[in-house]
Amino acid sequence: MTPLFQVKGLSKNYGTHIGCRDVNFDLYPGEVMGIVGESGSGKSTLLNCMAGHLTPDAGQVMFDTRAEGMKDTLEMSEPERRMLSRTDWAFVHQHARDGLRMNVSAGGNVGERLMAVGARHYGEIRDTAIDWLDRVEIKESRIDDRPSAFSGGMQQRLQIARNLVTGPRLVFMDEPTGGLDVSVQARLLDLLRSLVREMGLSAIIVTHDLAVVRLLADRLMVMKDGHVVESGLTDQVLDDPQHGYTQLLVSSVLQV
Amino acid sequence: MSDYNFAYLDEQTKRMIRRAILKGLAIPGYQVPFASREMPMPYGWGTGGVQVSAATLTPDDQFKVIDQGADDTTNAVSIRKFFERTAGVATTEETTKATVIQTRHRIPEEDLTEDQILVYQVPIPEPLRFLEPSEIETRKMHSLEEYGLMHVKLYEDIARHGAIATAYAYPVKVEGRYVMDPSPIPKFDNPKMEMAAIQLFGAGREQRIYALPPYTKVVSLDFEDFPFEASKADACCDLCGAEDSYLDEVITDDQGGRMFVCSDTDYCRSRREAGHVGALGMAQEDAA
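Going down the list, the protein sequences come from chains B and V.
With numbering that gives the first Met the number 0, letter number 178 in the first sequence gets 177, and the count goes up by one each step, no holes.
With numbering that gives the first Met the number 0, letter number 282 in the second sequence gets 281, and the count goes up by one each step, no holes.
No wet-lab data here; the hints were simulated from the structure.
You may find that some hints are simply not true.
[Said to hold, decoys possible] Below, computed lysine to aspartate or glutamate pairings styled on EDC-like, alpha-carbon distance capped at 16 Å: (1) V:K191 x V:E205; (2) V:K139 x B:E77; (3) V:K152 x B:E79; (4) V:K152 x V:E109; (5) V:K191 x V:E272; (6) V:K152 x B:D144; (7) V:K139 x V:D156; (8) V:K139 x B:D144; (9) V:K191 x V:D252; (10) V:K191 x V:E248; (11) V:K80 x V:D70; (12) B:K138 x B:D126.
From a predicted model like this one, the values you see are computed outputs, not experimental measurements.
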């Protein structure tokens, strides 16, 4: 089996300060990878470099494109990369308002990616939007409301619907449950887990919440000061942490 | 003649504007930046159109100005007088006689010919402005032909009003490439944009010029199940009886009285002179 996504020797510096250094991993279709670490450990830098929001200083970010097979996304032309990021890729922001158009209705938000790839039939766009709102548990009657009228949890679910509507193969998530209260978090995680299973998505999830990776991720990477200090199967890493920092991280979780 | 250079602007400025116009004609629908000058009138009164007209006019031209289709409104009268004074060109109100026509918000009803130039005044040249506030981003969207957002606007229209409610400044796609704001003309005029005359668009405040060469393909954006419709008031002109012209609704008293008249005053006048009479009109001899 060939990997869907490969990162080779990825490095990014901010002047003399290290953003992330020499990151390598393969991601296979249907696999969910978690990246954990404390604030400032370089996990968001890494995610943004992989998703093309930042240009890394060194390394390769390979993606198995539908048309041409394995290809370095950093060497793609800009139109090609932007096309990729609205068809086969999706990016879920921590703050829903960064990923949504707040002055456009929920239906328009979901339909935008469809129209961006050439859908020109209003009825079909609307039916797809209704279907997706239903999948993320937003009532059909809310389709013409603006996201500003939605609660935080609903906004986050809408953002997920908007991203998944074109059937992407790889989803980047930056703290998808950050800023939500625990019961809403639990439902969102449940939803994400079932969507990932149903659609056979691959995902890379950046978070500092170990409970999130325990539930969602198959594999785990632990970052500290821009370096990957430990990686492996999620349960293995969390139940038997080898590196001192991972041990600290696991033991810091409050037991209720 | 006054002490102004011909048509107010100095020759170097006119050359600069002509270069922008030629570039615009070479890339139909592309917004060419130009160094817009201060004009002796406020922004929003047609400073862009006036500069384009000034760069296009020659001493032999016949100049016509319309504002919302009319030759006799403040804006039209002022700009016509401006060029009478600074260029000394002949002016006319007749569409067929004019060689350069500056217009605000209308295209004349009469078909234009290959030896005419139509100059539009444009307030906001960027069709994506209210959807994407960043100019850097919209320029990138134009260069990469990412126009999905334009349809989001039309989608919102249908979702909220049940039909595409955009009635003016209706976005068009030029030669299958650039999406363009046709200036705030009613969408009734959109199909007329595939015409024999050269069309030039000037936005003074925004410092942009764009253009359509003759017979350029101009398609109004729409959905397959909500096709574009060139709509107008469902009536005919009460003065000349025209059924095919764009109509203004005029309130005549405070008892609810109203009438529809052609917005193109020259078209209405020429029809009445030819003997057409509408429901509230009088025959031309008596009207005097």
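Cross-check of the supplied hints:
no. : hint            : verdict
1   : V:K191 x V:E205 : violated (25 Å)
2   : V:K139 x B:E77  : holds (10 Å)
3   : V:K152 x B:E79  : violated (25 Å)
4   : V:K152 x V:E109 : violated (32 Å)
5   : V:K191 x V:E272 : violated (25 Å)
6   : V:K152 x B:D144 : holds (15 Å)
7   : V:K139 x V:D156 : violated (25 Å)
8   : V:K139 x B:D144 : violated (29 Å)
9   : V:K191 x V:D252 : violated (34 Å)
10  : V:K191 x V:E248 : violated (22 Å)
11  : V:K80 x V:D70   : holds (12 Å)
12  : B:K138 x B:D126 : holds (13 Å)
When held up to the earlier numbered hints, the structure conflicts with 1, 3, 4, 5, 7, 8, 9 and 10 and fits the remainder.
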